[in-house]
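Engineer: Once you've looked at the hints, dock chain B against the given chain A.
There are 2 protein chains.
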Amino acid sequence: MLELITGVSALQAPMFKLGLTSLPFLATAAEAEAADSSMVLAGVLLSLVVVYFASKLGGELCARINLPPVLGELVGGVLVGVSALHLIVFPGEGITADDSLIIKFLEFTAGLAPEGAIAVFDSQSEVISVLSELGVILLLFEIGLESKLDELIRVGPQAAVVAVVGVVAPFAAGTFGLVYLFGVPLIPAIFAGAALTATSIGITAKVLAEIGQLSSTEGQIIIGAAVLDDVLGIIVLAVVASLAKTGEVEISNILYLIISAGAFLIGSIVLGRYVIKPLYESLVAEMKTRGQVLLTALVFVFFLSYIATAIHLEAILGAFAAGLILAETNKRSELEKQVLPLADFLVPVFFVVVGARTDLSVLNPADPTNREGLAVAAFLIVVAIVGKVITGFTVFGNTGKLKKLAIGVGMIPRGEVGLVFAGVGSESGVLSPSTDAAIIMMVIATTFIAPPLLRIVFRDPAPTATETPESGS
Amino acid sequence: MLELITGVSALQAPMFKLGLTSLPFLATAAEAEAADSSMVLAGVLLSLVVVYFASKLGGELCARINLPPVLGELVGGVLVGVSALHLIVFPGEGITADDSLIIKFLEFTAGLAPEGAIAVFDSQSEVISVLSELGVILLLFEIGLESKLDELIRVGPQAAVVAVVGVVAPFAAGTFGLVYLFGVPLIPAIFAGAALTATSIGITAKVLAEIGQLSSTEGQIIIGAAVLDDVLGIIVLAVVASLAKTGEVEISNILYLIISAGAFLIGSIVLGRYVIKPLYESLVAEMKTRGQVLLTALVFVFFLSYIATAIHLEAILGAFAAGLILAETNKRSELEKQVLPLADFLVPVFFVVVGARTDLSVLNPADPTNREGLAVAAFLIVVAIVGKVITGFTVFGNTGKLKKLAIGVGMIPRGEVGLVFAGVGSESGVLSPSTDAAIIMMVIATTFIAPPLLRIVFRDPAPTATETPESGS
Numbered sequence: 001m002l003e004l005i006t007g008v009s010a011l012q013a014p015m016f017k018l019g020l021t022s023l024p025f026l027a028t029a030a031e032a033e034a035a036d037s038s039m040v041l042a043g044v045l046l047s048l049v050v051v052y053f054a055s056k057l058g059g060e061l062c063a064r065i066n067l068p069p070v071l072g073e074l075v076g077g078v079l080v081g082v083s084a085l086h087l088i089v090f091p092g093e094g095i096t097a098d099d100s101l102i103i104k105f106l107e108f109t110a111g112l113a114p115e116g117a118i119a120v121f122d123s124q125s126e127v128i129s130v131l132s133e134l135g136v137i138l139l140l141f142e143i144g145l146e147s148k149l150d151e152l153i154r155v156g157p158q159a160a161v162v163a164v165v166g167v168v169a170p171f172a173a174g175t176f177g178l179v180y181l182f183g184v185p186l187i188p189a190i191f192a193g194a195a196l197t198a199t200s201i202g203i204t205a206k207v208l209a210e211i212g213q214l215s216s217t218e219g220q221i222i223i224g225a226a227v228l229d230d231v232l233g234i235i236v237l238a239v240v241a242s243l244a245k246t247g248e249v250e251i252s253n254i255l256y257l258i259i260s261a262g263a264f265l266i267g268s269i270v271l272g273r274y275v276i277k278p279l280y281e282s283l284v285a286e287m288k289t290r291g292q293v294l295l296t297a298l299v300f301v302f303f304l305s306y307i308a309t310a311i312h313l314e315a316i317l318g319a320f321a322a323g324l325i326l327a328e329t330n331k332r333s334e335l336e337k338q339v340l341p342l343a344d345f346l347v348p349v350f351f352v353v354v355g356a357r358t359d360l361s362v363l364n365p366a367d368p369t370n371r372e373g374l375a376v377a378a379f380l381i382v383v384a385i386v387g388k389v390i391t392g393f394t395v396f397g398n399t400g401k402l403k404k405l406a407i408g409v410g411m412i413p414r415g416e417v418g419l420v421f422a423g424v425g426s427e428s429g430v431l432s433p434s435t436d437a438a439i440i441m442m443v444i445a446t447t448f449i450a451p452p453l454l455r456i457v458f459r460d461p462a463p464t465a466t467e468t469p470e471s472g473s
Numbered sequence: 001m002l003e004l005i006t007g008v009s010a011l012q013a014p015m016f017k018l019g020l021t022s023l024p025f026l027a028t029a030a031e032a033e034a035a036d037s038s039m040v041l042a043g044v045l046l047s048l049v050v051v052y053f054a055s056k057l058g059g060e061l062c063a064r065i066n067l068p069p070v071l072g073e074l075v076g077g078v079l080v081g082v083s084a085l086h087l088i089v090f091p092g093e094g095i096t097a098d099d100s101l102i103i104k105f106l107e108f109t110a111g112l113a114p115e116g117a118i119a120v121f122d123s124q125s126e127v128i129s130v131l132s133e134l135g136v137i138l139l140l141f142e143i144g145l146e147s148k149l150d151e152l153i154r155v156g157p158q159a160a161v162v163a164v165v166g167v168v169a170p171f172a173a174g175t176f177g178l179v180y181l182f183g184v185p186l187i188p189a190i191f192a193g194a195a196l197t198a199t200s201i202g203i204t205a206k207v208l209a210e211i212g213q214l215s216s217t218e219g220q221i222i223i224g225a226a227v228l229d230d231v232l233g234i235i236v237l238a239v240v241a242s243l244a245k246t247g248e249v250e251i252s253n254i255l256y257l258i259i260s261a262g263a264f265l266i267g268s269i270v271l272g273r274y275v276i277k278p279l280y281e282s283l284v285a286e287m288k289t290r291g292q293v294l295l296t297a298l299v300f301v302f303f304l305s306y307i308a309t310a311i312h313l314e315a316i317l318g319a320f321a322a323g324l325i326l327a328e329t330n331k332r333s334e335l336e337k338q339v340l341p342l343a344d345f346l347v348p349v350f351f352v353v354v355g356a357r358t359d360l361s362v363l364n365p366a367d368p369t370n371r372e373g374l375a376v377a378a379f380l381i382v383v384a385i386v387g388k389v390i391t392g393f394t395v396f397g398n399t400g401k402l403k404k405l406a407i408g409v410g411m412i413p414r415g416e417v418g419l420v421f422a423g424v425g426s427e428s429g430v431l432s433p434s435t436d437a438a439i440i441m442m443v444i445a446t447t448f449i450a451p452p453l454l455r456i457v458f459r460d461p462a463p464t465a466t467e468t469p470e471s472g473s
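Keeping their order, the protein sequence lines are chains A and B. One point on numbering: in the numbering used here, the residue at position 99 of the first sequence is 99, and numbering is uninterrupted. One point on numbering: in the numbering used here, the residue at position 391 of the second sequence is 391, and numbering is uninterrupted.
Pulled out of the complex, with its shape left as it was, chain A reads as follows (with noise of 0.2 Å):
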């Protein structure tokens, strides 16, 4: 049996388990505790099966089209979210228990009592929260895995360009052509140029990976300079949102950020070579149970993220960091291996969720909101293309065979964090309600453009002389 529970909590699970409503005595008890947990248990079964689903249906159609199956997971996504079959759902605007099919599904085939459902909604919902979360952070650190320090390193000082371009351009484009094209606010219009500018690293580097193109230059340098661009991204919303609060910018906030980013990038580095590296080495040869060589890196990945986390940085950046240092230890194939089945177990919860949560309701013209806000999010698209791409032209150094145009369509997919000032930006009353839109649909576009654009350019002439083959490693 499943779970082992002591005292009073034991009761939720017998009960509702044996269908023994019928047991007045015991459904007080019950009642009081939070969600039943063989029914949290069966919800998230249910929407694993759905998340799978969803994932390989849209990913072999992709692939049978010749598109990049991370599209079609994405597409499945949005397929069984908010905008469509509503089985993929989260609590929040507009959503409660009563909009998850999965909820309804559960009450009619389960014996869900319908007033357990919210909680058992929000439990559920959590779970598949976080292990979409675990998902992004896995597929960060098979990433760093397959990348190399050495050559991030090399390409550096010309990701650090690109980064930085690829924010000051749409940042700046974007307010300047809110503010005189179409007449908003200059606050708004800062919001909106700052919802800009960070590149969603995880789409880019999932098509990255699925046509072979991590490891070449282009690839490093896209990687670096989203790495890089995820913490100005966060730099670039702290300003803003101070901006908007107070309409001044609070120093010492932004030298918290910038400062903690720079120790953690390179404290993770420097101490992942001197210290996790040897030790991770003589822990995993040590050993003499199951799983020593993954688990033992899975405790380093967590762990760095939580340090990520903890310091107001992305969990992500842990875990590529992780990646980076245990790419350099004398486990790396096996663990390469080992991660496989685990990535494919989290990553694709992770494009579905955000597939499912991407609410297609904002494109329909028939509101006028979204009327009002198809010219600025034309805009903003265009800006938001333009002004990533123009990134690759400025790779300086021997770029000779460089495929430049692909650096800079690497870089145009925005996903979470333009959702993140969409949010917080019409929350505080800063943006209205079209601006929020307009930004909605930008990110929409850029992330489900990108994919197909990306396969488009590297697929041109012939192979970069300078790619590093996948085997030398």
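Since the hints were derived computationally from the structure, they do not count as laboratory data. Predicted model only: the values in this text are computed from it and were never measured. Just so you know, not all the hints are guaranteed correct.
One copy or two, it doesn't matter: identical chains are merged, so the pair holds either way.
[What the hints assert, rightly or not] The calculated SDA-like cross-link candidates involving lysine to any residue, where the alpha carbons are at most 25 Å apart (straight line), are:
#1 337 with 60
#2 404 with 264
#3 331 with 210
#4 404 with 258
#5 148 with 333
#6 337 with 283
Structural biologist: Only chain B this time, still in chain A's reference frame:
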């Protein structure tokens, strides 16, 4: 960045993430929300680090002193759980967010606000709980994959006798002993007797796998009997719970359980052979994207687990059935290899959580309730062990080289189900606190004694002649 969130719900993330608690207009909205998602993630990451650390530390120590690693994982769990370090604890009787060291650590290191601690603690506990349930699901799927349906059917009658004797003997001996030796009234005695019935399949199966005896005849009889036992345990619980309530047995509930359990076991195997097996093989052959072997299998595993939960059986029965079915496909060995890392990721969570939930304070002789319970506990432990050990000697047929003692010993660990009985009994007022404590002591003793015993009895004379070689599949 981690979350694709729209509208208001986007707020939780950036605010805490940036430590912008100085933004009052954001704080209000965020406080209305459930739990801050980046803190929940941080809590889960930290919990997983603790879980893996405890499981590997315990496992490695046990491997070195020649005890089963799984015992070490349980002990590691006890160490980090409610009995000692309070790192992995779950909301329930007397445990709140203030009792969780991980929550304290988050408040200290990551700036978690105390007023948000309860929601974060609840969500984080829910996630770890579900991960541990997914762990035992994966474990039983692995066990199913390594079992052979034909072999199980062959030993079926023997397993059935072992299961029935192993339920009837301890139940009868326990109930009568308590009534006649200890003067316990009939209803609580029946309750305590019932708590002696169901074997904890997870612990035995893990030890069998560790010593490579899973596909031996003894191993298959144990697994088969433990699965039947699990079903019988659910039925006994329904009978006893209804007895405790009305003083009579609700026939309709019992009939429903017996019929649905039978229909599920037979139905899933028939359906599995003639529908799922060919469907799985052709699906995998058709698919072109990464992870097709594993993900397609997981869809079946999670779906059957869901069905088992929905009809008020155990999710692990569905996972075991899925394993049996997919073991017959042409992808078995590839699947076994790919499930390994996933099981390594999830299964330790189960064992550590089992240990962490074990409250050793019932063993404290300073508490008068425990002292009263000690004699009862000693009696229950003896009945629990003897009642199962004799089952091995009921195996009939050609049993020349069969290690009968090993079969009986394999049935000893009780674990979860016993605790569910204790919980239901004490809550309904049927069990006195001392009998309740005695049941918990019995569960602790059988759970922790079985793994080393099992290794000793299997180490006996020579390997059995009837043992099926692992590679012969």
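Engineer: Against this structure, judge whether each hint is valid.
Structural biologist: We went through each hint and held it up to the structure:
Taking the closest pair of Cα atoms, residue 337 and residue 60 come within 25 Å of each other both inside a single copy (23 Å) and across two copies (23 Å). Within a single copy, residue 404 and residue 264 get their C-alpha atoms no closer than 30 Å, and across copies no closer than 59 Å, so neither meets the 25 Å cut-off. Proximity of residue 331 and residue 210 under a CA criterion of 25 Å is satisfied in both settings, with 23 Å inside one chain copy and 24 Å between copies. When the C-alpha separation of residue 404 and residue 258 is checked against a cutoff of 25 Å, the pair qualifies neither within a copy, at 29 Å, nor between copies, at 67 Å.
Only within a single protomer do residue 148 and residue 333 lie at most 25 Å apart by alpha-carbon distance; the minimum there is 13 Å, versus 33 Å between protomers. For the identical chains of this complex, residue 337 and residue 283 are neighbours both inside a copy (19 Å) and across copies (23 Å), given an alpha-carbon limit of 25 Å.
Violation of the numbered hints given earlier is confined to hints 2 and 4; the remaining hints are satisfied by the structure.
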